[in-house]
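With chain A fixed as given, assemble chain B onto it according to the hints.
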Amino acid sequence: MLEFLSDLPRTLWERLRDSLYFLPPFPEQIDSLALFSLLLLLGMLIGEWLQARTGWPKVIGYVLAGTLFGPSLLGWISIETLAKVRPLADAALGLLMLEVGRRLDLGWLLRNPELLRSTSSDIVLSCLLIFLFAFYGVGLSPAWSAATAAITMASAPAVVLLTVEQSRSQGQVTERIILHTAISCAASFVAFTLVLGIVHAEHSRNWINAVIHPLWVGVGSLLVASLAAHLALTIARLLPKGSLAQVFVLVASALLAVGIARMLAVPVFLTLFVMGVVLAVRDERQSLRYTVLPEGHWLLAIILFVVIGAALPWSSFTWMTGLQALGLLAVRAVAKMAALALTGGSLPVKKRLLVGLGIQPLSATTVFMAYELARLYPGIGLSALTLPLFAAAIMELSGPALCWLALRRSGECHDDRPVRGGIA
Amino acid sequence: MTQALGEFRHSDALSLGVELELQLVSRRDFDLTRAATDLLGSLKYDGCFGEIKLEITESMIEISTQPQTTVDAIAADLAGLRDTLRIHAERNNIGICGGGAHAFHRWPDRRICPGERFDVLYQRYGYLAKQFTVFGQHIHIGCSSADDAIWLTQALGVYVPIFIALSASSPFVDGEDTLFQSARLNAVSAFPLSGQCPPLADWADFVRHCEFLQACGIAASIKDLYWDVRPKPEFGTVEIRVCDTPLSIEQAAALTALAQSLSRWLLRTRPPLSTERQVHAARFNKFQACRYGMAAQISDPVACSVRSLGDSTCELLDALEEDARELGCAHWLAALRAVAAGGGDAAWLRARWQEYGNLNDVVRACSDRLLNGAVKHSGKKEKFAQQQPGRQAH
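Heads up: the sequence lines are chains A and B, in that order.
Quick note, in the numbering used here, the first sequence goes up one by one and the last residue is 482.
Quick note, in the numbering used here, the second sequence goes up one by one and the last residue is 425.
Here chain A stands alone, though its shape is the one from the complex (with noise of 0.2 Å):
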């Protein structure tokens, strides 16, 4: 019977077909764009309805979406899908990397030098502990302890932006929690491109890799950037400012720089944020400052979450690599909230604790380093990575709901009521 019922639909397609010749043959799979479409709609309803009931970061939502029906669980989005949507999560990415990057406020940081002690004892700190655990506790290769220390020591910039923006948050802990972003994010795409080298040095006899390939990745992004940033800013001085024109403008020069990164093997996220910070800084006619992105940037960000979601390697997961990851994160929050605490500052050591709460998050650009790093030597990088990735992947669903924490705790949220009774 079920049988039956399940060939029905075929049934009757080749019936017609025998009469409507334009018909093309019965499709086996739902198409991927199709499918993913479908799983997008689920990712926002899913991502909707957890704030609405709860209050917690939409993100959560869409990451869970994708694991859901990703390869490690259901399968339904397939390796293959992945894929294809893989530059537009390259966009999305992007777009996110380019704003903080143009939030990177160095001015402020000469302003107030306790700022500059607690950003750099957070680089340091972090970037330390999480080595030294990763190379004693874990018993990874130096090359790859440093690896694990350059992707995971900085918060994570999609997560923050979006909880920002969502909860339309403002003030101190809330700028703060940017900064201090920014700030680790440029330390961990340096420490990344060093990176870069010493895993080649140690994996390979050909040293022209180790010296070439950082260069490569650390001048390409420079250039490509650079480039990419001139050409906005050159357009953007003849249009009006704020204006649509302007706006399309930033977002086409953006996605053009994604795609000359794309096509050269540069990093997107490096290349995008040192794009964001070189608008910042050369924009002396103040000609793209106050062009915001669209709404519609959100649309991409659930791509990202979704597909971020899907890439996380679950299927791998073994008890002790769960515990490492706990442990990872266990030293990177003490290596933060000690810095926030112990160094001093105008705000109050509970708001900067706030602040070492709300940077917690572990995302997008992690795995995405990770990615890149495991592509060199697939053999030995998927493995070796294997640590980080299960802690983004924990950060994943729990970074979000902390950031958002840190920025409700610190009454900075714009409606502290959650909206409940429905999506939305």
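Take these hints with a grain of salt, some might be off.
Unchecked claim - Listed next, the in silico DSSO-like pairs over lysine-lysine satisfying Cα-Cα at most 30 Å (straight line):
id	chain 1	residue 1	chain 2	residue 2
1	B	Lys75	A	Lys408
2	A	Lys408	B	Lys161
3	B	Lys161	B	Lys75
4	B	Lys84	B	Lys254
5	A	Lys408	B	Lys84
6	A	Lys299	B	Lys254
It should be emphasised that the hints constitute simulated quantities derived from the structure, not laboratory data.
Bear in mind the structure is a predicted one, so any value in this text is a computation, not a measurement.
Coordinates of chain B only, in the frame set by chain A:
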């Protein structure tokens, strides 16, 4: 709950005090930002120039000088307060600027400051409290007797349009040019007890009026009266409340000089007041000044005629010259002649808008103008600059 009016506390005649409400803006996009509580929380300041206080929303802060006898001393206090704020604001990455209204903020984004008083106001006035995120200069003139204070309150009422036009610095609201020179007072006029002081004969008459308002349940205390000019018994002053916060403390000092010399001239010459007639023209004249500034045509209900506000202002400044010289503030009045002749802060804001083509840059220019002004605080109070932890302002 009603509050007794209390005694009028006598102060030195023509002594001065100034309050300025200032905008707290993000240095990223120059929109208003929620920063007042954090800024005050991190403030290390011994109060030597006066107070720094919260206002109704988190995007505002109020500075108030010490009581002073001269305009120069007021200017020095304002400069000291500005420099104190600048140092702390820079550490917190916050911009500060003058102006009667922010050019493009969204009022629903405003957050009421924590505190029982602010909460009561929000519960009472609802969204009006958030829309009250406008910024004014209040000038206190000391009076040696309660009856003088009531007389001066009535007498100054006639000159409200001049103060409005000279201080006007709020031409933009919600990102639009309102065509007003001062759009701020439209937000104030929504409150039920705003407007002009009713005709009152003396202090006893004022007390009776307040008791009447309390008995009718209209006002619980004098704080509920948002009159354009009102007596302030606890300070022993008359308070002029119609000025927009100017874009610079130099302009704030100049307006203070006008208030002091005008008060001296009024108390010295005691012109007839005709308050019963003035009350009919007050709202019209206020609107004219807000809308047109110095180009306004002001009704004279005594002469039954209409006059240009610019001409009246120039004549008044001529008449006050001697009193200003006696008070040592004549040099401050010179700046007001330039405003009467060529336009003030509202015109400057519109010129910046023409120049930059966007309001973010206009607010940025405002912030630069306030924080990099010419007046320096007095050397004898240098101890503030040493950043010694001390009393926090409340």
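Here is how each hint holds up against the structure:
no.	hint	verdict
1	Lys75(B) - Lys408(A)	holds, 18 Å
2	Lys408(A) - Lys161(B)	holds, 28 Å
3	Lys161(B) - Lys75(B)	holds, 28 Å
4	Lys84(B) - Lys254(B)	holds, 17 Å
5	Lys408(A) - Lys84(B)	holds, 23 Å
6	Lys299(A) - Lys254(B)	violated, 44 Å
Checked against the numbered hints above, the structure violates only hint 6.
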